[in-house]
Amino acid sequence: MTVIAPYQSQVADTRDGFGQLLRAEWTKFRTVRGWMITLLVTVLVMVGFGLLSAAGTTSSCAQDTSSGPGPARSGAGCLPTFPLGPGGEPVSDSFYLVHQPLTGNGSITTRITSLTGLVQPPNGSQGPGPGDTQPGVMPWSKAGVIIKQNLNQGSAYAAMMVTGGHGVRMQWNYTGDTAGLPGTVSANSPRWLRLTRSGDVITGYDSANGTNWTQVGTVTLSGLPSTVQVGLFGASPDYTSVVQNFGGGTSSKGGGPTQVTGVFDRVTLSGGSAAGPWASGYVGADNGSGIGGYHQAGGQFTVTGSGDIAPIAEGHGGPADAALTIHDYLLGTFAGLIALAVIAAMFMTAEYRRNLIRVTLAASPRRGRVLAAKAIVVAAVSFVAGLVGAALAVAVGTAVTHSRGYWEFPVSGPVEARVIVGTGLLAAVTAVLALAIGTIVRRSAATVAIVIVTIVLPYFLAVASVVPLGVADWLLRVTPAAGFAVQGAYPEYGQVTAIYSALSGYYPLGALAGLGLLCAWTAVALAWAAVLLRRRDA
Amino acid sequence: MEATIEVAGLRKRFGSAQALDGMSFSVQPGQVTGFVGPNGAGKSTTMRVILGLDSPDEGTATIGGQPYHTLRRPLSHVGALLDAAALQPSRRARNHLLWLAHSQGLSGRRADEVLQLTGLASVAKRKTGGYSLGMRQRLGIAGALLGDPPVLMMDEPFNGMDPEGIVWMRGFLRSLAAEGRAVLVSSHLMSELQDTADHLVVAGRGKVIADTSVASLIEAASGDRVSVRTAASAEAMTVLAHAGATVAASGPGVLAVSGLPAERIVAALTESRVPFGEVTAHRATLEEAYMELTRDSVEFRAGATS
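In the order they appear, the protein sequences are chains U and H.
Residues 14 to 551 in the numbering used here are what the first sequence spells out, letter by letter.
Residues 3 to 308 in the numbering used here are what the second sequence spells out, letter by letter.
If you're looking for bench data, these hints aren't it; they were derived computationally from the structure.
C-beta atoms are modelled at their ideal positions from N, C-alpha and C, and glycine is treated no differently.
There's no promise every hint is true.
What the hints assert, rightly or not - Examples of chain U residues toward chain H, derived with CB under 7 Å:
id, residue
1, Y20
2, V24
3, L34
4, A37
5, T44
6, V45
7, G47
8, N368
9, V372
10, A375
11, S377
12, P378
13, A551
One chain only, chain U, in its complex shape (with noise of 0.2 Å):
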């Protein structure tokens, strides 16, 4: 036999490196075409769900345009307008105000010997609305000291107040909150409180005694006119309480308007002008409820008010129940990660069904490798789609609000940014987890339902209201249906008594802490899809 000269491999020497791998892998995703439609039908399935909460939205306003309680309508009757606060947001801004004007600097000081009210909670088992009128404040009730830039809605204020259940409170701007001394007033336990203002800087105090005064808070409202007003307030916003359901779900039971009394004596106005006299009305309406007034006798004001001076909450039950949001635009995101799950396993599953697995670890015998430009080309088409799908959806499901006249519960751009570029994280993270549970369990089928399982479902007993709220809240703080937290547009208020469930777009996790627990929920798939994958023969 003759000898013949070992072969050398004539192909031009190149790289090695991770970049050639990642191009292997992208090369293989764009090139199997089912998986690219698919990528398309995740952003139309999240278009599409987007423009059916848009378009879909009548029967709410359709019962609700009767007169009475509620805020001011406006369009084809179905928009509610509400006025926005110095930040954007949309308030509450109506209550009884016994005021003056106050130039310059100064301050209002002030003894509140008694908070009391009427309310009328729901009707009890004969349905809902409005019951008997019955004594009590509700726990926000609230009358105090204020100072407002002028008398419009939604203009800019700090007030020092005693409340029904909260203690005395600092508030400014709708969305301020701190807490001063705690306690129910009584003309045995009275609270003394203060306002003082120089320049925009607005301080508050509280004293039990009107000699020891502790400093509340202090808060600048910028471009603070010359000449505010300064005066005492009562409000008491509509009785709402939130209820457990039969079954587990939640809602809200809607009482009647409520009122409440402050009476204040030892009021002392300072700075400014002198004290002139008073005049009083109402800021915003009434709301048709016919309550508000004041007393004056002897140095004695006793305030009469209702309605109420805070942000008005998102979502179901409440007042802005009709608004539509971003979070009802992006209601098919479960649908489209749903989509991207199945694509994201396939991607893996696939090259086990036909062993094409070989083919892929004997070009890359380096498998970690492998597994990591499997789950950055899945992370980086599904955030594609997901940020694409989430961009039009609410694009979409504005522009189709505002062409019904029908009014969308703002958000202020970065939080609108922060929800899109959320929702294409989202979709990143969670086709990583379906790659390593396609990688861990190697069968499509079983993949797409533990993903489902994980973190659809989760997300769906909760948002469906058919696990109590603490269910709801364990689930959503626990499972990887967390990182749908990324797309909670709206603040929890404190100071408003609301349901704050993933219904209305309110998770009990941060964005950044629900996106982080499902980021570690991954994590761990992956470290162990990795450990299998070196581990077991292919």
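Go by the hints and put chain H onto chain U.
Using the frame of chain U, we list chain H on its own:
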């Protein structure tokens, strides 16, 4: 670094089955080595171990002295076709080669070259789901050739090929070996390797039964038998048996004679005036030689249970 496959003392157990039981052999460059044995002899497992896909319980497998997993851009060291069906059916043939090329830092041009080389250029745009098994075998070989490797390894490449494809495959394998490459080809049918392999590694029950050149294997199996063609079989048998030979009829008018050299047979028949057509030294087929060798190693033999 010499372009060889070295397998030493491989053992591997799958559950209760001992798939590999001390498999050892080496594959030399410049020739086609047939890796034969009945189904279940451990051929595919051995190939997977060589490619680092399965890890052996014991033993080592190296390519040019290096374990597979340490190779960088491994497809330029060894090209393998394990399973022609290992394709994503919805991916086009060229795209299958394209991702494989990208994984080695190669361009699409190299994919086009190997498509040309394997005669698939005209169907490169088709989805592999529509490929016949023969076309998939060619595509698998195209993939194995992407890195232009000095070592090639193919598991049952003749499966599903039409006669024309088999002829092409034989010539192709021989030409690859002629370029100096080491080519290892497995088959459970020895006849497929008849005119292809130079060297044989015969496996049975997870180990090597024979490791020999094709020429010497056939020589050994042929023994000293001689074929005699004659119309007068009965007389010839009597005469030759009388002369001390062992005679058996191996076909109509053909006798297989052993124990007597050809010259003595001719002399005896002539002396007794028995007419005969031809006397030839018997040459065993590779198939026969193989059957002889693996008789004890076949796991499931027809009729064994009746």
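Consistency of the hints with the structure:
{"no.": "1", "hint": "Y20", "verdict": "holds (4 Å)"}
{"no.": "2", "hint": "V24", "verdict": "holds (5 Å)"}
{"no.": "3", "hint": "L34", "verdict": "holds (6 Å)"}
{"no.": "4", "hint": "A37", "verdict": "holds (4 Å)"}
{"no.": "5", "hint": "T44", "verdict": "holds (4 Å)"}
{"no.": "6", "hint": "V45", "verdict": "holds (5 Å)"}
{"no.": "7", "hint": "G47", "verdict": "holds (6 Å)"}
{"no.": "8", "hint": "N368", "verdict": "holds (4 Å)"}
{"no.": "9", "hint": "V372", "verdict": "holds (5 Å)"}
{"no.": "10", "hint": "A375", "verdict": "holds (5 Å)"}
{"no.": "11", "hint": "S377", "verdict": "holds (6 Å)"}
{"no.": "12", "hint": "P378", "verdict": "holds (4 Å)"}
{"no.": "13", "hint": "A551", "verdict": "holds (4 Å)"}
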